[in-house]
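Participant: Since the structure of chain A is already known, use the hints to place chain B on it.
Here are the chains, one letter per residue:
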Amino acid sequence: MYGNSKDEALKALAARRWRVAGALTVTMLVAYLGFILLVAFNRPLMGHPFMPGLSVGIVLGALTILLAWVLTGIYMTWANRHYDSALDELRR
Amino acid sequence: MNPTTPGTQLGQPNTTAIVFFLLFVSITLAITYWAARKTKTTSEFFAAGGGISAGQNGFALAGDFMSAASFLGIAGLVATSGFDGLIYSVGWLVGWPVVTFLIAEPLRNLGKYTFADVVAYRLKQTPVRLSAAVGTLTVVVFYLIAQMVGAGNLIRLLFGLSYETAVVIVGAVMILYVLFGGMIATTWVQIVKAVLLLGGATALAVSVLWRFGFSPAALFSEAVNRYGPEALAPGKLVSNPLETISLGLALMFGTAGLPHILMRFYTVPNAKAARTSVFYATGLIGFFYLVTFILGFGASVLVGRQAIVSVDKGGNMAAPMLAEVVGGTGFLGFISAVSFATILAVVAGLTLSGAAALSHDLWSSVVRKGHAPEAEQLKVARIASLALGILAILLGVLFKNQNVAFMVGLAFAIAASANFPALLLSMLWRGFTTRGAVASMLTGSMSAVLLIFLSPTVQVELLGNATALFPLKNPGIVTLPLSFVVGWVVSLLAPETEAAARFAEVEHRMHVGAAVTPPPVTVPTGVAGTVPPGIPEAPQKA
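Each protein sequence line maps, in turn, to chains A and B.
Here the first sequence is numbered in my numbering, starting from 1 and rising by one per residue.
Here the second sequence is numbered in my numbering, starting from 1001 and rising by one per residue.
Excised from the complex, chain A in its bound form:
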């Protein structure tokens, strides 16, 4: 139903999407596991006051939450800008 070149291009695009998705998933996994491993193995650091009222642990926890949102934002922006337009090209 499609020319070979279109098929190949779609395969390449699909592979690229999985690579981006995989890299972002690994980033999230590493950040999250890093956070809980620090909590588990370095309590003094996590409890250390960064400034009065803010410990390193609280800042890192809040940053992990922020990172989760930023990563989904990065993915959405990439997909909306590059992936969708490439896909539209292939649909023609």
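It should be emphasised that the hints constitute simulated quantities derived from the structure, not laboratory data.
Bear in mind the structure is a predicted one, so any value in this text is a computation, not a measurement.
There could be a bad hint or two in this list.
[Claimed, not checked] Think about it this way: if two alpha-carbon atoms lie no more than 25 Å apart in a straight line, the pair counts; the simulated SDA-like pairs of lysine to any residue are:
{"id": "1", "chain 1": "B", "residue 1": "Lys1272", "chain 2": "B", "residue 2": "Arg1509"}
{"id": "2", "chain 1": "B", "residue 1": "Lys1272", "chain 2": "A", "residue 2": "Gly22"}
{"id": "3", "chain 1": "A", "residue 1": "Lys11", "chain 2": "B", "residue 2": "Ala1504"}
Facilitator: Showing chain B alone in chain A's frame:
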């Protein structure tokens, strides 16, 4: 009435709470009436006809996910033990990026109503759908028990109603939403609930921070003055690192296997909307957890740990008590009503996804081999919703006074082990076979249930034995890899040529969607003989 401590109206019938709650129920029932008139097909019943926008679905996803357990539970945990609550908040959120990157778009493009649509796409329908239904229904039932028991207890504490009355009210109202309004009503109930919960929690946090010059650090410092620097450091929660990682894995990959969350991606018109809606949902839920953290500290400073624990040992009443301190009985009533609404919305979403497994996967695909007429499918969907609703009420009453907190963790562990590996392998691996999928899903659900049964939670805390055979409370670290390995090995043992041959079609449709594959045949769903059972024919609005 319930014993109340001096200085709080908690547990007394509260006029504001009742007025707000009745207002919520009337508005949502009016929405249900409106939705019922638009629910004429199975697609409308299970997927709102694909007519929900990305923004609406973002709020609805958040509404499905933010349970009363996370609102009241995390605020309570932070109030009583400080920093530790944040570990949970982070864990509950990090599953969402995984859903965004790996699941949302392929699911939207490949499936119709359930995640089994995706797994079964190129495999044999009957065995795959049967095993997927086992995973889905186990997750839904455990999650429902936890929610219903939580509802009974919370409402008893908040409104002073009896446990059974509360369970019956929640069950009955939820049945009305799902039975008559299907996914359209459920979606709008989620949206209204998400707005109320986010609004209520934000207003509460602002009124706390207002007393501390809008500086969270000043609030946390005050907590340190009262309870020592330990309030800002990891405490008892993380005594066993392996346990924490195991729980973390279950939370992170369990979200990507929760049937009521996955189902929501079928309500949007296309993959782009699915992707955008998870971005909104992640932002809303992340914001909500940060706010909950402020509320917990606010309660520990303004209400006091002693007072909170004296009302409920688990600290669950921290947020409502805080509302009373900063805003009086009126605010307490509002927050109580919001908590009630929250439970209602979550059980509605759960029931609908269970009904989809029963009617779409089991009845239409397994029993009727894809030849059930539209009217019959809709009828079965409604009967399934009613049956699950009644089951939820019965289970709620049956599990009264049982400690069911572990059941949410269990539901996540099963979702992560039974649903997620099969879903991912079916999308990524050409060599995945029917036997592999069945083995992976059944191993995932059975090993998770078995290891939880052998865990200290059940053996020591519930049954009172001295030791447990399995050392961890959460089995995720064992069952998630196990399920992947079993799916992989079993597939390698006996390759399935037909499934591998159809992988190209899956790959194509997963990315391009259904619109471009051969001219979209607009066949009314389920007209006998016209639609091959394996191919969901969801129309794709590009």
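Participant: Run every hint past the structure and note whether it holds.
Facilitator: Hints versus structure:
no.: 1; hint: Lys1272/B to Arg1509/B; in the structure: holds (14 Å)
no.: 2; hint: Lys1272/B to Gly22/A; in the structure: holds (18 Å)
no.: 3; hint: Lys11/A to Ala1504/B; in the structure: holds (9 Å)
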